[in-house]
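Protein chains in written order, with the numbering used here: chain A, 999 to 1320; chain B, 402 to 639.
Just so you know, the hints here were simulated from the structure itself, not pulled from any lab data. Just so you know, these numbers come straight off a predicted model, no measurement behind them. All C-beta atoms in this analysis are idealised placements derived from N, C-alpha and C, irrespective of residue type, glycine included. Please note: incorrect hints may appear among the correct ones.
[What the hints assert, rightly or not] Residues of chain A clear of chain B, computed beta-carbon distances all greater than 12 Å: (1) 1095; (2) 1098; (3) 1135; (4) 1144; (5) 1146; (6) 1168; (7) 1293.
[As the list claims (entries may be wrong)] Pairwise CB distance ranges (calculated): (8) A:1314 x B:472: 18 to 26 Å; (9) B:469 x A:1106: 50 to 58 Å; (10) A:1231 x B:635: 41 to 49 Å; (11) B:426 x A:1229: 44 to 52 Å; (12) B:484 x A:1293: 17 to 25 Å; (13) A:1314 x B:503: 55 to 63 Å.
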Amino acid sequence: MNAIAIRAGFLTSIQDLGRTGFRQFGVSLGGALDSFALRVANLLAGGDESAAGLEISFGGLQLRFADERIVAWCGGGFDVRIGSTSLPAGHRALARAGDELKFNHAQSGCRCWLAISGGIDVPFVLGSRATDLRANFGGFNGRALRDGDAIRLGTRPGSAIPATTISSWSAPKPWSQTASSAPILRFVRGADWNSFNASMLQRFTSESFGVSSDSDRMGVRLAGPELQRTDDVDLISEAVAPGTIQVPPGGQPILLLGDCQTIGGYPKIAHVVTVDLGIAAQLRPGDTVRFREISLPEAHRLLFEREQELERFRIGLSLQNK
Amino acid sequence: MEITPLGDSALIVRVRDRFEDAPQETLSDVLRTFRRLQNADIPGVIELAPAYTTVAIFFDPLQVAKAGAKPNQAFDWLAERVRAAVAVIGDRGRPRTLPVRVIQIPVCYDPEFAFDLDHVAARAHVSSREVVDLHNAAEYRVSCVGFVPGFPFLSGLPKKLATPRRATPRKEIPAGSVAIGGAQTGIYPMRSPGGWNVIGRTPLRLFDPENDPPALLRVGDRVQFHSITREEFEVLMQ
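Make the full structure from the sequences, and use the hints.
Shown next, in the form of structure tokens:
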């Protein structure tokens, strides 16, 4: 085996960019809750953007490598060390055989994504290596890592990457350090926006919402001003997606994340835009969050711009690798 | 037909406004729309998911732009293609009704499995035996698959058997449990929490990630339940 989780941490699971094609059978997208962060980390580690890495929640992971690997991570405000040397987010580093990589508890945010050159080699299940923690399949035997688990890694890419210990340069901060002290999530209107009256919508867009402790990979439960619809017609269940903000009868919204169910019957007031899902993935109990409306074309423009910047970053990296 | 955004990377095609009035016709319309969209192969579309009155389309805005949509018009560009795909075939030369699969589901209504059979019977003012007969006699259709992977929501439950969900959901319902929730019946594919009234258990496996497709049932399938004994259940479980 190529790496051993000496300590698995609070909740560490194997994730990739998610599982598509099976929503009609009720299978969630899943994957890294911030798939962009995993893509950036994978690029840094010199691998395929869609390779499987580790999603680490609240830290505690201690990983020992059996052979030489390039590693990189992006996400919340974690203190990460190789041996005793600090490895900041968005940098890449060489881990030698016997080296230990340790993720301490996060100062801000709650999740991060570790990419390892060669990727994590677990079988594809329904087209993905992601762990479905609710239905218990994919990833490492369908479950979160436990202390002592031995992890098989993929074939190391050639020696294209110079073997410096820790890179002096890094990925752009907004990509690699995604936790924010006063997060604002941008949203587009949901199908049921108009079934809330002006004062309810005013509440939603101007007040702040707390993050409840019963939040998980399925969704962030929010606590704040109560949101009530003007009608109470029963809605017919239909598709929901990561980013969807539902308002159950209790009036406390739920922001859905990657492991959300494929369908829902609660009113959809709004949807957090794709480029802000990484910020949503860092919300932890006790945080407060605000929402700001943007238009659908604006949401797409932000996505296109980010992708163009990533393309430039990719080119820059390939020059570094030469 | 109404097309509304579901965030910036998905949209919902609302084929009909209501479901309960005409479940059969609605499902047929939804399935026809689903198939046409599948055949249309619209650039940038990742996957489709039908449910009750709608078909959801998940797409990659970047691929949509690459296929020729102006960056600020990705949604309109897609919506236009969706309308064309749904309308273009019309009814010319195509049968109005599509072939549907009929799936038989064996169910053991043994008291040990049927936590809420007596409750359902009491509410319906019939005996447990009659609940089983009524549940067996009806023909159901899968109107949606979700909640957990492979969970079929079945319409067609005899009105008499409609039972509200439990006020407090159970923390754990065994895999294979056949249950009633409101006007629908369904099957729990895996052990999970749930609020439906459990009336029996099937030995069939509703979801297997090693299979493709992974779910036994899909939207549109016709379903019939038949009663089996405890002994037959044990044999089929092996």
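Results for each hint:
{"no.": "1", "hint": "1095", "in the structure": "holds (34 Å)"}
{"no.": "2", "hint": "1098", "in the structure": "holds (33 Å)"}
{"no.": "3", "hint": "1135", "in the structure": "violated (4 Å)"}
{"no.": "4", "hint": "1144", "in the structure": "holds (20 Å)"}
{"no.": "5", "hint": "1146", "in the structure": "holds (25 Å)"}
{"no.": "6", "hint": "1168", "in the structure": "holds (25 Å)"}
{"no.": "7", "hint": "1293", "in the structure": "violated (9 Å)"}
{"no.": "8", "hint": "A:1314 x B:472: 18 to 26 Å", "in the structure": "holds (24 Å)"}
{"no.": "9", "hint": "B:469 x A:1106: 50 to 58 Å", "in the structure": "violated (42 Å)"}
{"no.": "10", "hint": "A:1231 x B:635: 41 to 49 Å", "in the structure": "holds (46 Å)"}
{"no.": "11", "hint": "B:426 x A:1229: 44 to 52 Å", "in the structure": "violated (26 Å)"}
{"no.": "12", "hint": "B:484 x A:1293: 17 to 25 Å", "in the structure": "holds (22 Å)"}
{"no.": "13", "hint": "A:1314 x B:503: 55 to 63 Å", "in the structure": "holds (58 Å)"}
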